[in-house]
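**Student:** Chains as they are written, first to last, in our numbering: chain A, 1 to 315; chain B, 1001 to 1320.
It is worth saying that the hints were derived from the structure and are not from the lab. Don't be surprised by glycine CBs; every beta carbon is placed ideally from N, CA and C.
Where chain B lies over chain A, by a calculated footprint (3+ residues, C-beta under 8 Å):
{"hint": "1", "region": "212 to 226"}
{"hint": "2", "region": "230 to 244"}
{"hint": "3", "region": "299 to 310"}
Here are the computed distance ranges between Cβ atoms for each label pair:
{"hint": "4", "chain 1": "A", "residue 1": "GLU212", "chain 2": "B", "residue 2": "PRO1073", "range": "20 to 30 Å"}
{"hint": "5", "chain 1": "B", "residue 1": "ARG1314", "chain 2": "A", "residue 2": "ARG128", "range": "54 to 64 Å"}
{"hint": "6", "chain 1": "B", "residue 1": "ASP1024", "chain 2": "A", "residue 2": "TRP229", "range": "37 to 47 Å"}
{"hint": "7", "chain 1": "B", "residue 1": "HIS1206", "chain 2": "A", "residue 2": "VAL107", "range": "50 to 60 Å"}
Anything over 12 Å on all C-beta distances counts as not near chain A; from chain B, calculated:
{"hint": "8", "residue": "PRO1014"}
{"hint": "9", "residue": "GLN1027"}
{"hint": "10", "residue": "ASP1065"}
{"hint": "11", "residue": "LEU1178"}
{"hint": "12", "residue": "ASP1179"}
{"hint": "13", "residue": "ARG1283"}
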Amino acid sequence: MLRLLRHPVLRRLAQAFFVAFLLMVFAFLLIRLIPGDPAMILLGDEATEEDVLAYRKLLGIDGSIPSQFGRYVANLVRGDFGVSIRSREPVLSIVGKRLPVSLWLTVTTIVMTVGLALPLGVAAALYRRTWFGHAFQIGASVMVATPVFFSGLLLILLFAVQVNLAPIAGYHAGFPANLYYLWLPALTINFVLVPVLARILQSSIVETSSEEFVEAAIIRGTQGWRFYWRYLLRPSLAPTIAALGYFAATVVSYAVIIEIIFNLPGLGMTLVDAVRNRDYPLVQGIVFLSGLLVVGLTFMADLVNGWLDPRAKIR
Amino acid sequence: MCISFGRRGGRKLPVIDAANLSLDRRQAVGIVGESGSGKTMLCRALIGTLPRHGAGIVSGTVRFDGQELAGAPERVWRGIRGREIGYIPQSSLAGLNPVLTVETQLVESIAAVGSMSRQQAREEAVALIERVQIPRAEQVLKARSHELSGGMRQRVMIAAAIAQGPKLLIADEPTTALDVTIQREILNLITQLRQELNMALILVSHDLAVIEEVCDEVMVMYAGASVEAGPVAALSKAPRHPYTRALRVSRVDRAVPGRDLEAIPGDAASVGSWPAGCRFWPRCALADEACRRDSQPALMPTGQQLSACIHAERMAELEQ
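Pulled out of the complex, with its shape left as it was, chain B reads as follows:
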């Protein structure tokens, strides 16, 4: 898929140009990458709200249950959003309307499905709140956003996302703004709901550890391109792209006391100033003439995964 920012008639600025993602029913896929790598843009494309960010899909497809959604009219998207695909947006702490109660917002999502009496929708809302493990449901339903803690708001957002029983849940950095203990609870909750409701899951995070915990498959993004994809176990044991390896060694939970954290050298390539050749070469220890010269490599099978590094095989040797 290829997504660009751009004005009518003006120069188009690519944000994503080589991202591939596919998942089966009930599968959980993680998307990992630094800020600016295009994770959120990719998810927005999957829910059809790119135009609000001034971007559009230039080429490529978005298929859901066999239905082609790229370039679909707003009318089609309305049937998808909430109903087929639930979405927990990135800064969902500000995701609740401050002037409405939690109840009003949940009931409106629930009532969107078929005909339901007020009373039924209300009961459903209570059930939803209990489902996302919020105690004192009645009290929370009457509350407004500013009366809830961050963890509570996130739970309410999750409840709203699953209100219409979607087949796919997209969670864009669902734990980023929360403190560590609550992060764990939210991750457990998402995992549990996924199993109970038989949903597929796309989990976006910049933290590989989070994804390893929740997902079966992972796709690593760098500067608008998929650079490695495959089973979580394979990528974490034997990464075949230097960027994945770098993400892995820079993890905080792998840090050794008394030693500096290993950081990835240099800055992430930002939109509009991607280097020629493989986009990771300025920060890569393996980079050689070919990396600088050729264009961004496509994903190629290697080991149990796909990698977009021309030195994937050499990496396998190095690891041993």
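The shape of chain A in the complex, shown without the other chains:
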């Protein structure tokens, strides 16, 4: 077993599992740190002490915190995430219904991020001394500083109200029809992500372009797409991809606000409701599962990086 861990990728995977475990513990503890008790919220102010205690037992949140944790972990191992306190529906089935919406939002966003940030970053690097470069610098700062709930409303006003290119809100499942509902929310998140990513890419390309091997390639007569891809872009991609993995993760948290603005029935909205109701099992389940998603995405970014740039290979 320990021998296996010498393999870099497997070691990285083991790390990922450890992070997932920590995440589960945090999710369990954090929701219990928030004042308020699900039984009291459900039963209202009129309930007696005995009623609350009995109800807690029914919900499975009686006893000390360590004993609750023990039961929770034991159930998790069997694949049982528990039942929502509010709706009595299994957590897994709620997540199963809501997760696809959030996943689609994440994927659409990231595809859009790459599609926009890559050309923008390259252009900003190549033309950094022209008006375009300066406009990019200013534009990027303004965009990053704009909160998503504001840019979101602005975009709705522009694309859904002025020109009828997107619905104001709502969602309809099924690819590719769902893209019609998703592109505007994705664009809103990208209002923040694209400028940051493009600037990371821009500065790495600028840095790469002063490397000796770039000069050497020009001197050898390397030209055309080969030169741009092999000598400028590829050696500059590592920081961008690492950031992209991290961004994919932040999309999950942006999704909370975005799903409220655009009324998307994803995990984010469910999570906010669950926290409000102190729906312990549901909050734990969502935080843990979406956390797993984040861990998986960053792991994938590392793998892609190792493949594109041997210097960044996981060691």
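Keeping the supplied structure of chain A fixed, place chain B upon it in accordance with the hints.
**Tutor:** For chain B alone, kept in the frame of chain A given last:
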């Protein structure tokens, strides 16, 4: 030729203002001088990559095979770089792309010449690697920069420079970053390749000994100007410029045990603060009023060489 740093509209700062260099087919010419004398700038001008250093040719010509290249558009240069003129850049230890294999980089240089199948280009790459005397060619082709030693990287850079069979090879301090035993191997390799491939060679070095070993002719540069030029033998036996003499006596291999090395007094004149008159006078034992007063002298024939010293004849007497 005259090359200046300078911004649009701003003050121009000359880096080179009186450099002359010419060579025939299959000839080997050395350029020697201290750091900052403009050796690398001159070579960059010959390959058309000056703009990347914020400099430009202000006046003068660059002729290659009868073709005027100074001020030529980028399109023309693309046909020259690699194909007609091979170039081994100065810090070529960092000259290989760290994310690509040696093979990818060599094949791309080779394939630039005419149409060639992948397989052919690969075979050619193996032949190139063997040509620069790297053992285990297959293994090295699959390696990336960080997996190779300094000497290996330098050999790969040489292979890339000669990949398209250029008529002229420019080697800018090709041995500076290497240890002494490997320096010798690399110099021998360059000499051998030059003969095998019938290339002309421009070898840049701050070390006169290196140039004496490899070249037929030498041009000495000081503060952006050619100060002496001629056959290697003549310059090393009877230098007619005090700077050449100083370079010669300060050579490490001429040192006498137990005695201090002879260093050239003072510091090299740096770009932007060249002295008036002959630029070498503050460090020159022969300097007199005329040296300080007149402008940088032009190259004049004396003995078997050309010298930019107004006391060239007096130097000849002194040597005897």
